[in-house]
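Chemist: Chain by chain, the residues:
There are 2 protein chains.
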Amino acid sequence: MAPDSKPPSVHTIDPYRLFDSRPVFSHVATSTGPTRIVATAGQVGADEHGKVPADIDEQIALAMRNLGRCLEAAGATPTDVFKLVYYIVDYDPNNRRHTKHVKAFLNGHRPATTLVPVPALAVPEYKFEIEAYAAVRQEPLRSVEVVVVGAGLSGLKTAYDLQQAGVSCVVVEARDRVGGKTWSVDPTGQGKFVDVGAAWINDTNQSKICDLAKFLNLELVVQKTEGNMVQEDLGGGIDVFEYGGTPKGLAEKDGVENLVFIRELFEKLCQELDIQDPVGTGGQFDKMTLEEWCKKETKSETAFATVTLWTRAMLGLEPREMSALYFLNYCKSGGGLLQMRSDFKHGGQHLRFIRGTQSMSIELAKLLTPGTVVLNSPVRRISQSPEGIYVSAGRGDFKCQRVVVSVPTPLYKEITFEPPLPEAKVEIGKNNVLGYTLKVLVMYSEPWWRKAGLVGAVMSFVGPITTCRDTSNDEKGEYSLTCFTNGDFGRKMSLLPQKERYNAILEHIKRMFGKYVAVQDPIAITEHEWSKDQWAQGCPCPASPPGIMTKYDRELRTAHGKVHFVGTETAYEWKGYMDGAVRSGERGAKEVIAALGKAKL
Amino acid sequence: MAPDSKPPSVHTIDPYRLFDSRPVFSHVATSTGPTRIVATAGQVGADEHGKVPADIDEQIALAMRNLGRCLEAAGATPTDVFKLVYYIVDYDPNNRRHTKHVKAFLNGHRPATTLVPVPALAVPEYKFEIEAYAAVRQEPLRSVEVVVVGAGLSGLKTAYDLQQAGVSCVVVEARDRVGGKTWSVDPTGQGKFVDVGAAWINDTNQSKICDLAKFLNLELVVQKTEGNMVQEDLGGGIDVFEYGGTPKGLAEKDGVENLVFIRELFEKLCQELDIQDPVGTGGQFDKMTLEEWCKKETKSETAFATVTLWTRAMLGLEPREMSALYFLNYCKSGGGLLQMRSDFKHGGQHLRFIRGTQSMSIELAKLLTPGTVVLNSPVRRISQSPEGIYVSAGRGDFKCQRVVVSVPTPLYKEITFEPPLPEAKVEIGKNNVLGYTLKVLVMYSEPWWRKAGLVGAVMSFVGPITTCRDTSNDEKGEYSLTCFTNGDFGRKMSLLPQKERYNAILEHIKRMFGKYVAVQDPIAITEHEWSKDQWAQGCPCPASPPGIMTKYDRELRTAHGKVHFVGTETAYEWKGYMDGAVRSGERGAKEVIAALGKAKL
Ligand SMILES: Cc1cc2nc3c(=O)[nH]c(=O)nc-3n(C[C@H](O)[C@H](O)[C@H](O)COP(=O)(O)OP(=O)(O)OC[C@H]3O[C@@H](n4cnc5c(N)ncnc54)[C@H](O)[C@@H]3O)c2cc1C
Ligand SMILES: Cc1cc2nc3c(=O)[nH]c(=O)nc-3n(C[C@H](O)[C@H](O)[C@H](O)COP(=O)(O)OP(=O)(O)OC[C@H]3O[C@@H](n4cnc5c(N)ncnc54)[C@H](O)[C@@H]3O)c2cc1C
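Residue numbers (UniProt numbering), protein chains in the order written: chain A, 1 to 601; chain L, 1 to 601.
The set of hints was computed from the structure by calculation and includes no laboratory data.
Some hints could be false.
[To be verified] BS3-like, lysine-lysine: derived pairs with alpha carbons at most 27 Å apart:
| # | chain 1 | residue 1 | chain 2 | residue 2 |
| --- | --- | --- | --- | --- |
| 1 | L | 103 | A | 413 |
| 2 | A | 268 | A | 248 |
| 3 | L | 430 | L | 224 |
| 4 | A | 510 | A | 224 |
| 5 | L | 103 | A | 51 |
| 6 | L | 366 | L | 345 |
| 7 | L | 103 | L | 287 |
| 8 | A | 51 | L | 224 |
| 9 | A | 366 | A | 268 |
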């Protein structure tokens with residue numbers, strides 16, 4: 001989705017009677033219209049820990065990636081760059097190693113550049129450094145009643161409800177698209193969408209999201225549940241069991257019983273909680289991690305592997321990383337562990353969107369007053385003052401009476417609040433951890449797994465795939481397996497170059513299905529690493545380690561002066577899910593409408 | 001005084017998944033809101049004469065000071081900097097000498113930076129170079145009837161009178177505070193103010209400033225005059241005489257008589273002048289310097305030393321630097337030499353302000369329409385055109401019908417006038433010289449000098465202190481000596497590092513008072529070198545060398561088209577003093593009100 005049809009913020013010029021600078025750079029570049037200047041520090045080939053690869057090509061690639069992050073952080077794109085300066089150690093005019101990287105980065109854009117061979121850089125290991133100056137178009141200060149920060153489902157729903165109540169608002173989004181953690185891409189360009197973010201809903205207890213889908217007239221497809229599921233046991237043993245049932249023939253003595261024991265105990269405990277008051281009804285579970293809880297209840301490795309599979313699949317985290325209370329309450333918020341894990345009617349994974357889940361956000365955005373959504377515009381400052389609230393964002397500033405922040409709590413730190421956020425919000429943001437969940441979407445020309453009566457799903461205690469599901473849209477002739485790699489498995493995968501990661505996933509598919517059927521070659525592979533995405537920083541939902549809920553859970557949803565907070569993790573029901581996001585948006589809109597003294601919806 | 005509560009003009013970002021750049025820099029910095037870009041040349045460690053210290057640390061310190069001056073000249077502060085680039089010769093990654101200087105300069109602000117080791121810089125001596133890019137917030141073009149340039153006493157009084165007459169105006173000031181050459185600082189943070197600029201007034205013949213002080217309800221304190229004054233003779237002999245009297249026992253034969261002779265002759269000649277027409281009534285004295293005049297009248301060294309003490313104490317200059325007419329007229333403008341030099345009733349140094357003289361400007365500014373004073377906003381261009389006058393300043397541009405320039409004449413050159421200033425104004429600005437007057441304010445826990453019956457005043461022919469006065473506020477338990485070092489004495493002191501300068505002053509205090517009483521250690525020392533301050537460039541009042549008055553004095557106060565000129569040096573009475581500043585402001589306002597055809601005050 002193009003942010004707008006305005007002229008570009010940078011114009012490049014090839015002046016008469018200068019040597020031809022194509023295709024690499026332009027002799028002149030200018031900003032056009034009112035712009036904001038973005039300057040980066042010299043970016044080098046050092047990773048987030050400061051580690052520098054010895055290989056110069058890798059250094060250059062890393063420097064370019066860092067540069068991209070810097071620009072994105074400031075709401076700038078490569079086409080906004082008007083000047084680049086390279087500093088190169090051991091420069092060889094006959095082997096300009098940086099050119100191909102820079103060309104790929106700029107993708108046809110040609111800013112003014114200067115190349116400076118230098119004897120050394122700040123640190124002896126650095127051999128390449130690049131700095132950029134960009135100009136980002138600025139809109140004049142806009143006055144509205146409410147600014148909503150973030151155009152995910154929660155933010156868009158807030159805005160929609162506000163506008164229905166006659167409240168003027170804008171939605172200011174950092175990314176170049178709406179939808180947040182719902183993102184549907186079309187890898188083959190044939191209208192066959194896959195969801196690299198959220199995919200599933202149901203049409204019973206997820207009433208809010210389901211109502212929205214119906215209201216927007218979006219076509220749904222039922223998740224396939226017929227056939228056998230492949231299991232990979234701790235020792236690596238591979239077997240099948242009926243989808244929706246219980247694994248069988250596990251290596252551990254009494255493995256199946258242990259698995260059933262922990263599942264039933266957990267389900268019972270989680271059902272005892274009151275989601276409006278988890279700390280009051282289960283505070284003792286906030287004193288320990290989920291791992292500690294599990295190991296207190298059973299010595300069974302299978303039981304622990306099972307609990308681990310849940311937290312990986314549901315939060316992208318390991319049981320050691322969250323308080324037992326957090327996970328109990330998380331499950332209760334979705335009606336209980338069993339309901340959440342289920343793909344049947346009432347389960348968490350019952351229905352999918354033919355055009356992908358992002359279609360909800362895209363359609364919802366279309367119902368807003370034109371000009372409501374401002375893309376490519378990270379909010380960086382929210383200043384409350386007696387004359388109003390000033391919101392500073394990538395494409396311009398806003399003055400308003402109320403703000404609704406819909407970004408995940410760990411991203412609060414990216415925004416400067418004035419006055420500063422209260423301790424509770426700061427600590428929630430700082431301590432809650434965002435998991436690693438990666439969906440590798442493998443597209444095939446036919447659903448070969450069905451030939452052997454397989455449902456296309458797997459669960460593995462060995463990894464790298466944790467679970468996998470058939471996400472085909474048969475009507476469209478679209479066939480795919482969605483392979484999740486999460487928690488520690490995923491983090492290990494994340495260290496590999498994409499190609500090797502894809503290979504590891506394909507290998508695992510072969511290992512699990514190959515016993516039963518001939519595994520075909522894919523026609524497309526797609527992924528999005530949410531944990532490397534600065535506007536998500538992980539997914540699907542931040543979880544609290546022990547102690548945090550006890551101290552701060554009550555303040556998760558409280559307003560900070562005239563700034564309100566929504567987002568799926570603030571929901572009581574279906575926290576972490578799209579349904580929770582929509583619910584939180586409704587709450588946020590109600591709070592603001594009441595505060596502004598406007599008529600209720 | 002904070003310039004405004006708007007968001008800062010530069011925002012820095014620590015992007016997700018880049019290595020930690022604290023505490024030295026940020027990976028990204030952006031301008032926010034409408035801004036003006038300020039770029040500096042690479043600044044090196046060269047002083048105003050191009051001299052480069054051999055020591056690298058000194059070079060870096062000097063480069064940083066030069067950078068500070070550049071930014072200030074453009075109305076930018078270090079927090080407005082979004083990018084810094086260092087170029088370093090013989091760079092040693094294990095010994096980053098610049099870091100501590102840059103950190104001190106930025107004081108917690110972290111712009112994007114690039115460090116470039118280089119084999120050499122433009123000149124072989126240069127080892128360090130730093131360039132900055134800053135963004136300064138711009139207000140949209142504002143239309144007012146009058147723009148007053150400078151928020152010293154003359155400018156603020158002009159604005160006050162204009163607004164009282166119903167004329168809309170702004171006061172555009174280069175500094176981050178009002179008051180110009182009145183500046184009251186609180187070195188111990190206990191509300192005990194000392195005046196690093198102007199201090200004294202009287203309540204009889206300085207009627208204008210006194211009326212203002214009364215109108216603003218400001219508390220005054222009478223200058224102490226009881227006790228003995230210490231004198232230091234040409235040979236270094238130290239003696240005492242009654243304050244307000246005549247030195248005694250001078251080394252030169254007939255020294256006292258010679259002193260009295262020149263004092264009486266000068267007083268007589270100055271009283272013969274008409275301050276409305278000094279050239280018509282004393283034109284012959286504009287053909288010689290004051291030194292030439294003195295040496296024509298007497299061969300006495302004591303007499304010349306006495307004349308020198310006057311010009312140093314009153315103008316921070318030597319008798320060779322000004323025309324005799326200038327000084328005669330200057331004294332006549334304050335009622336005569338004796339009255340000006342006196343600390344008694346009717347004298348120039350009779351009363352002080354408990355909260356310091358800046359309190360007048362601060363209080364006067366509060367009486368202006370909110371938003372009138374724009375700080376941190378040097379005026380750089382005044383363009384008269386048929387549709388109006390455009391004034392370009394650091395924080396934004398103005399369109400108006402009249403301009404009142406209140407900056408000292410030697411600072412006219414800092415502003416581009418369109419059409420250009422007439423020859424007279426240019427030559428006055430170019431030729432008038434601003435003296436070196438430094439007040440070193442030494443605070444003590446008790447007034448130890450009084451124990452020996454001393455009034456706390458000295459006069460010295462030897463230096464570095466020229467004169468000194470007790471500037472205690474006994475009611476506040478605040479005790480201080482204000483030591484003046486001026487003219488050649490002061491210029492020599494100015495070459496020393498501050499610590500050595502302070503030591504020289506303390507040594508001199510010991511030498512002069514130590515003969516009579518035990519000299520105590522100070523608790524605080526304060527100074528401001530006005531001659532290094534680009535918005536003063538010297539003090540207290542520019543003086544004319546021979547010939548300038550004859551040619552141009554009539555045109556000192558004439559308007560240039562619709563641009564009017566005020567400032568203390570344009571006053572007839574108490575030229576160079578705060579009283580003169582207020583008088584000139586009244587005149588300026590009257591001129592403009594008449595020109596605009598508005599009702600008189
Ligand atoms: C891989 C994956 C699988 C999932 N599977 C499911 C599923 O099957 N079913 C289900 O119901 N849920 C699922 N989820 C969870 C679901 O996606 C989220 O619960 C939901 O989308 C969250 O919506 P939100 O509005 O609360 O937050 P987000 O979607 O994160 O929206 C926040 C928005 O704020 C923007 N933003 C961040 N910082 C700033 C800033 N400084 N300025 C401006 N904008 C900013 C972000 O770009 C984003 O658009 C999944 C998530 C992922 C990632
Ligand atoms: C050390 C010292 C001791 C003194 N002692 C006494 C005393 O005891 N008694 C007494 O009566 N007087 C004394 N004076 C003199 C007195 O301070 C001045 O006469 C008076 O303050 C001058 O006021 P002014 O408005 O004419 O000029 P200034 O105070 O100089 O005001 C001019 C203003 O213009 C600003 N400016 C300059 N250039 C620009 C630009 N380009 N754009 C925008 N703004 C600009 C300056 O920052 C300043 O604020 C003393 C002065 C000094 C420095």
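Chemist: Against this structure, judge whether each hint is valid.
Modeler: Results of checking the hints against the structure:
Simply put, residue 103 (chain L) and residue 413 (chain A) have alpha-carbon atoms about 24 Å apart, close enough for the 27 Å limit, and the pair holds. Only pairs whose Cα atoms come within 27 Å are accepted, and residue 268 (chain A) paired with residue 248 (chain A) is accepted, the gap being roughly 23 Å. Straight-line distance between C-alpha atoms of residue 430 (chain L) and residue 224 (chain L) comes to about 39 Å, which puts the hinted pair past the 27 Å bound. At most 27 Å may separate the alpha-carbon atoms for a hinted pair to count; residue 510 (chain A) and residue 224 (chain A) meet this at roughly 21 Å.
Only pairs whose Cα atoms come within 27 Å are accepted, and residue 103 (chain L) paired with residue 51 (chain A) is accepted, the gap being roughly 25 Å. Our distance criterion of 27 Å between C-alpha atoms is broken by residue 366 (chain L) and residue 345 (chain L), whose separation comes to about 30 Å. Of the pairs offered as hints, the one joining residue 103 (chain L) and residue 287 (chain L) is violated, with about 53 Å between alpha carbons and a cut-off of 27 Å exceeded. Restraint check: the Cα-Cα separation between residue 51 (chain A) and residue 224 (chain L) comes to about 69 Å, which exceeds 27 Å; the hinted pair is violated.
Between residue 366 (chain A) and residue 268 (chain A) the alpha-carbon distance is near 43 Å, which puts this suggested pair outside the 27 Å criterion.
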